[in-house]
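**Student:** Sequence:
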Amino acid sequence: MDYLEFIARVTSHIPDKGQVTVRYFGLYANAHRGKIKKASLEAFPLRMVEEELRPIPAKGWAEMIRKVYEIDPMVCPQCGGTMKIIAFLTD
Numbered sequence: 001m002d003y004l005e006f007i008a009r010v011t012s013h014i015p016d017k018g019q020v021t022v023r024y025f026g027l028y029a030n031a032h033r034g035k036i037k038k039a040s041l042e043a044f045p046l047r048m049v050e051e052e053l054r055p056i057p058a059k060g061w062a063e064m065i066r067k068v069y070e071i072d073p074m075v076c077p078q079c080g081g082t083m084k085i086i087a088f089l090t091d
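Residues in the sequence shown are numbered from 1 upward in steps of one, following my numbering.
No wet-lab data here; the hints were simulated from the structure. Every clue listed holds true.
Restricting the straight-line Cα-Cα distance to at most 35 Å, the calculated cross-link-like pairs of lysine-lysine (DSBU-like) are:
| # | residue 1 | residue 2 |
| --- | --- | --- |
| 1 | Lys59 | Lys84 |
| 2 | Lys35 | Lys17 |
| 3 | Lys37 | Lys17 |
| 4 | Lys38 | Lys17 |
| 5 | Lys67 | Lys84 |
Across the chosen pairs, the derived CB separations fall in these ranges:
| # | residue 1 | residue 2 | range |
| --- | --- | --- | --- |
| 6 | Lys67 | Asn30 | 47 to 53 Å |
| 7 | Asn30 | Met74 | 52 to 58 Å |
| 8 | His32 | Ile85 | 54 to 60 Å |
| 9 | Leu27 | Met64 | 49 to 55 Å |
| 10 | Trp61 | Lys35 | 47 to 53 Å |
| 11 | Ala8 | Ala29 | 23 to 29 Å |
| 12 | Asp2 | Pro45 | 30 to 36 Å |
| 13 | Tyr28 | Asp2 | 25 to 31 Å |
| 14 | Lys37 | Glu5 | 25 to 31 Å |
For each residue, glycine too, the CB sits at the ideal point set by N, CA and C.
With the hints as constraints, model all of the structure from the sequences given.
**Tutor:** Listed below in structure tokens is the structure:
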């Protein structure tokens, strides 16, 4: 089958503009899709990738400010000690 014939076969499934379609019969039926999904999962089982993928830790706001402005917002401007966050203002 050449590519033009393939495209012709695929585009034959696209309905005309405004055409009412019935999607619960034949290949488009929910039962058929379930059978296909079950068969594909049996043929190609999914492997667990949760252990392989680790979430990338989000950088804190203080680290981002330090990187952009080259000033550490957690250092006290008076004594040079490390400041502690006691609250956040949300308004």
